[in-house]
Amino acid sequence: MTKIKKIHTMSDTANNDQEEETTMCYRPFKKRITDHSSSFNSVPGRACQRKTSNIGVGSSVSLNLAMVKMSGIDVYDAAIKGNLKDLNRAFKSRFYLDRINYPDENGLTLMHHAAIHDQGEIVNSLINHGAAIDISIENADETALHLAAKYNACVAIKALVQNGAMLDVADSNARMPLHYACEYGCNEAVKTILFEADLIKATETIINAYDKERATPLHLSVVTCSEDTITKLLQCGANIYRKDAVGHTPLLLAVKRRKTEIMKIILEFANLQGKKDYVSVPNKFGMTAIHLSVDLGSIENTELCIAFGADIECQTPELLTPLHLAALNGYCEIAEILINKGAKVNVSDSKNKTCLHYAALSNNAKLMDLLLNHGALIEVKDINSQTPLMVAASHDCVVALQSLIQSGASTSEQDKDGKTCLHLIAEMDYNESAVIILEHSGLDLINVRDTAGYTPILTAAVTGRVPILKHMVGRFQEFAKQHRDCNGNNILHLAAMNNHRDIVKIIIDHMPFINVNARNFLGQGPLHLASMNGNNRVIYILIKRGASVNSRDNSGWTSLHYASSCDSETSVKLLLSNEATVDAFNEAKKTPLLVACEKGNTEAAKLLLENGADPSNLNDKGQNCLDIACEFRYKDIGLAIIETKYWEKVMSNRAFDGYNPMKRLIERLPLAAEAIMDRSITYTKSNYGKDEWKQVAFKFTYLESPPDDIHLQDVKDKYIALDTISSLDRVRLMKHPLITAYVYQKWKTGRRAMYFGQIFLDILYLIGFSIPIAMNNADFLILVGNTNASSGFYANVARPGVPIRNIVVFITAMIMLSTISFFLIAGRRIIYYFLKQSMFELFIAVLGLLYALPFNKPINYESVRIGALLTLCLFINVIFLLRSFSGLGLYISMLMATITTIIKVSVVFLLLLLAFAGAFATILHDEATFYQFDSALVAVLTMSVGELNYASSLQQLINTGRLTGFKIELIFFAAMAIIVNIAFANLLIGLAVGDINEVRETASLNQAKTQNESIIGAYESFPMCLKKIMHSPELTIRKDKNSSYLQKKTWHSLTDNIAMIQEEKDQVNQDFDCKSLKAFVFRQRTEISQLRELIEDMKSDIKIISHSNHFETNKLTKQVLHKLQANGNETVTTTVAD
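In our numbering, the protein residues as written are 1 to 1138.
No wet-lab data here; the hints were simulated from the structure.
Heads up, some of the hints might be wrong.
[To be verified] Listed below are the simulated DSBU-like cross-link pairs for lysine-lysine, each with C-alpha atoms no more than 35 Å apart in a straight line:
1) Lys191 / Lys201
2) Lys232 / Lys275
3) Lys366 / Lys416
4) Lys344 / Lys366
5) Lys416 / Lys259
6) Lys158 / Lys243
7) Lys606 / Lys589
8) Lys92 / Lys243
9) Lys685 / Lys635
10) Lys635 / Lys621
11) Lys481 / Lys366
12) Lys645 / Lys685
13) Lys694 / Lys366
14) Lys366 / Lys748
15) Lys284 / Lys158
16) Lys259 / Lys212
[Unchecked claim] Listed next, with one range per pair, are the computed distances between beta-carbon atoms:
17) Glu432 / Ser410: 30 to 38 Å
18) Glu432 / Asn139: 21 to 29 Å
19) His440 / Glu579: 49 to 57 Å
20) Pro1033 / Ser821: 28 to 36 Å
21) Gly658 / Phe855: 50 to 58 Å
22) Asn352 / Leu443: 52 to 60 Å
23) Phe513 / Ser385: 43 to 51 Å
24) Lys1049 / Arg679: 45 to 53 Å
25) Asp134 / Glu227: 48 to 56 Å
26) Leu853 / Ser821: 57 to 65 Å
A quick note: this is a predicted structure, and the numbers were derived from the prediction, not measured.
Where a beta carbon is used, it is the ideal one built from N, C-alpha and C, also for glycine.
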């Protein structure tokens, strides 16, 4: 809804008679607007553009009640037509009087309409009846005075101002009524406003006011108002120096609008004010009145500026004088006026261009003759060292070019790039200019070279200008054959390099003196250069016209090398389809595939591999293509190489750093390493006859180096894939079937013996420690249980067997220490990988020594405690050892992972307990339960586990009168119940229920890491003889109908995750599902057929029953009729029969 500002609120009450009378007077307001549109637009001045609105009649009370008539009176018609009598009669009604400020659907009130249509008496009447004088439209903030000024309503202006309307009120664009009158050319309104402003002393306030675009009334009047109005504004104090948003003074605005008379008025006013320099005031671009006059080509305005003292040598920030602008635009008459007034013809601008340069651009021979006749220098050069002739040539200004040549201008001048006018013409393909220059001095210019070594013919080839190249070659064929640039490139080389297909075709087809296989100084032919830039269309034409595909340049590069380097897949395809050698070596021993890999050009590399390129070729660093892809982490190239038939040959390269390539793949390209592992598994099967079998071969060549590997003799850390996988946490690789089989193989070849040997030692430790300690403790407890003995006697009990048992414990501890020392010396890497376990075993051995020494010491409570701790540690050590045990070890690892999580959570829980214990000990220190910090800690702990009742503690506080005022104790109890009991319990439940899968995954990974670490330690620390025993290059497992249970179990454990076997199982399952589905469909069809037969039988039965029922019904009807007839009731008989 359109809203009105400053609406005077009045009572909306009216008597019932008036409401009943007005309810019958509603009619569409749009019809009324249409009926009076001609009257609305007939106001003097510019036609008012009415606003449209989507608000319909009846949508708002404020609109409906203003759009009614009473007793045939339309208040809007009365306001528009000036019908004062009808309007006054309407305002006798309270209904209209209360709604005098309501807007119509266009947002206009009665006051606005009266102002627009210059109805002064209506304005006075509305004001007398309480209408708001400065009410404005919401969207534009236009008051009635704005609209009166806009529509030249002078009578309304006088009435509004005399009744207190403000002349300095501004709309949303900061424009006052005077701005409106000036903008719309309402000359009488301007004079009226100025007259009324003078009466109320408001002229200074409005005469120089800015709007949002920094335009004053004088700026606006220059465009639309008469000379008299301009004069009136100046007389009233309009400031001629004020500038609008683009820096234009009223004078500059008059120049742009070509208002010569207004210019004269303003300049005469400035002279009368003693401001003779006003004519030279510039805009923000540095253009003065004379600059703008010349630029617009206005002779009259130019002469007027000169007459009022304009400086004809004034310059813009670019140092342009009026004569420069006249020359640029080709205004010969204005230039002549300026020259006659003393303008200098050889003044340079910021680019060192003179008027003659600009005249050459205007292509005006008469103007150039004028400048030359007045001393213009014909060979002057600009900042690019170009003469006027070169400027004309570079812009195809033929008339200027001929005029300058006739005037003696030199055609042999060169610019800062060494280019002559013929070079510039060749760059832009100006044929007519080229003919003029070639006829005049073509022989002198055709051999001139620029700083890049290009002649005009070569320039045309570089820029692809076909017509001018044909023209120059036709006139100077011998020179075209000889011309080469600094690198020895002829026109065919340059055209091929810059992808100018049409020129290449013209040269080959129409210039037989140019060899298609010509070489430059680097030995490169046109095909090399086209391939270097991936210019496919040129490559196609050159090959079809006989270019050699396999020719080499001086560095041994073929075209395929260059195409592979620029990663143009289409170029590589074109060359390969035309029998390009795919594995050609250059001087640096690089094939196209090696070049593509070094550049990271994936598509080119894949295309070369698909066409049989050998990725095992080595560069000068000893790297093959896979080594390069691995070095720069080109994943897609690495995977493409592994998919080729050369993958084993590629993986056998050790020349780069001595290590197996698998090590670098695991570090940099784990996906490629996984692909190698996939290819290292071979699956075969036989389905012939009764001898059906399946076999999987796991090849471990890339997982570890042989113990006697000559490539790694001087390397400290021998290569083993498990070490790299574990150190980088490559979980996906760790779970690969090849790694699983590798770990199984190590278990078979040596790890199993080591593991069971360790179990044997742990059992020995358990027996050697636990049995003697248990016997000592048993004797001690028997004596303690004797009630006749005193406590001092039991503190030191000496039994005859104690020294012997202590000796046994001592020997066991020494055996454990010897074992740890042996592995520390012989197998340092194992100690490193199992540092925690080794430290734990060392702790057990120290406890054993403490328990046993001295041998004959009596048993006491300290000995019993040490023995209990020692036994507990022994059992924990056995549990740690069982982590590697199949099945049971997974759950032990899960338990350890869970304990780790609980320990982390318990730390937080402990901090909370300490916090609450400190709080309770502070605030409840007078209570027995929380008297000290340690007792408060115990109380909080018992409260958290539910052993101490919250209610009892609170009741005690209530009984002692502690819970008064602000109950901080209650807040503490509530916080503890919520945070500790509820939140922490939910956390533990979430960990127990929600994270079981994650715990299982972590435990499985930790178990695998433990096994891998033992293998790594054994491989790196054991002597060569044991390494050779444990080393095995492959593992083959087989399954047939004669396989044992253990063999089948091994088969399933090692092959369940192999993709190819899984696909076979899926295919079998799919075939089985298809068979099952076919059987199910057959059964369904059978059942449907049986159901159809059953339905047909039921239909037959229904028909039979229906006939039987019909027969029985007819028989019964006849019986009834017979009885009725017997009773003589004919009426009933007839009805029944019907």
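Here's how the hints hold up against the structure:
1. Lys191 / Lys201: holds (15 Å)
2. Lys232 / Lys275: Roughly 19 Å separates the two Cα atoms, so the pair holds.
3. Lys366 / Lys416: Judged against 35 Å, a Cα distance of about 29 Å means the pair holds.
4. Lys344 / Lys366: holds (18 Å)
5. Lys416 / Lys259: violated (46 Å)
6. Lys158 / Lys243: holds (31 Å)
7. Lys606 / Lys589: Satisfied, since the Cα-Cα distance of roughly 20 Å is no more than 35 Å.
8. Lys92 / Lys243: Given that 35 Å is the threshold and the Cα spacing comes to 53 Å, the pair is violated.
9. Lys685 / Lys635: With Cα atoms ~33 Å apart, Lys685 and Lys635 stay inside 35 Å; holds.
10. Lys635 / Lys621: holds (21 Å)
11. Lys481 / Lys366: violated (42 Å)
12. Lys645 / Lys685: The hint holds at about 22 Å.
13. Lys694 / Lys366: At roughly 101 Å apart (the allowed maximum being 35 Å), Lys366 and Lys694 break the hint.
14. Lys366 / Lys748: violated (106 Å)
15. Lys284 / Lys158: violated (40 Å)
16. Lys259 / Lys212: holds (24 Å)
17. Glu432 / Ser410: 30 to 38 Å: violated (20 Å)
18. Glu432 / Asn139: 21 to 29 Å: violated (59 Å)
19. His440 / Glu579: 49 to 57 Å: holds (51 Å)
20. Pro1033 / Ser821: 28 to 36 Å: holds (35 Å)
21. Gly658 / Phe855: 50 to 58 Å: holds (57 Å)
22. Asn352 / Leu443: 52 to 60 Å: Given range 52 to 60 Å: violated, Cβ gap about 31 Å.
23. Phe513 / Ser385: 43 to 51 Å: violated (35 Å)
24. Lys1049 / Arg679: 45 to 53 Å: For Arg679 against Lys1049, whose Cβ atoms are near 26 Å apart, the range 45 to 53 Å is violated.
25. Asp134 / Glu227: 48 to 56 Å: Distance hint for Asp134, Glu227 is violated at roughly 33 Å.
26. Leu853 / Ser821: 57 to 65 Å: Between Leu853 and Ser821, where Cβ atoms are some 19 Å apart, the hint is violated.
Hint check: violations occur at hints 5, 8, 11, 13, 14, 15, 17, 18, 22, 23, 24, 25, 26; the rest are consistent with the structure.
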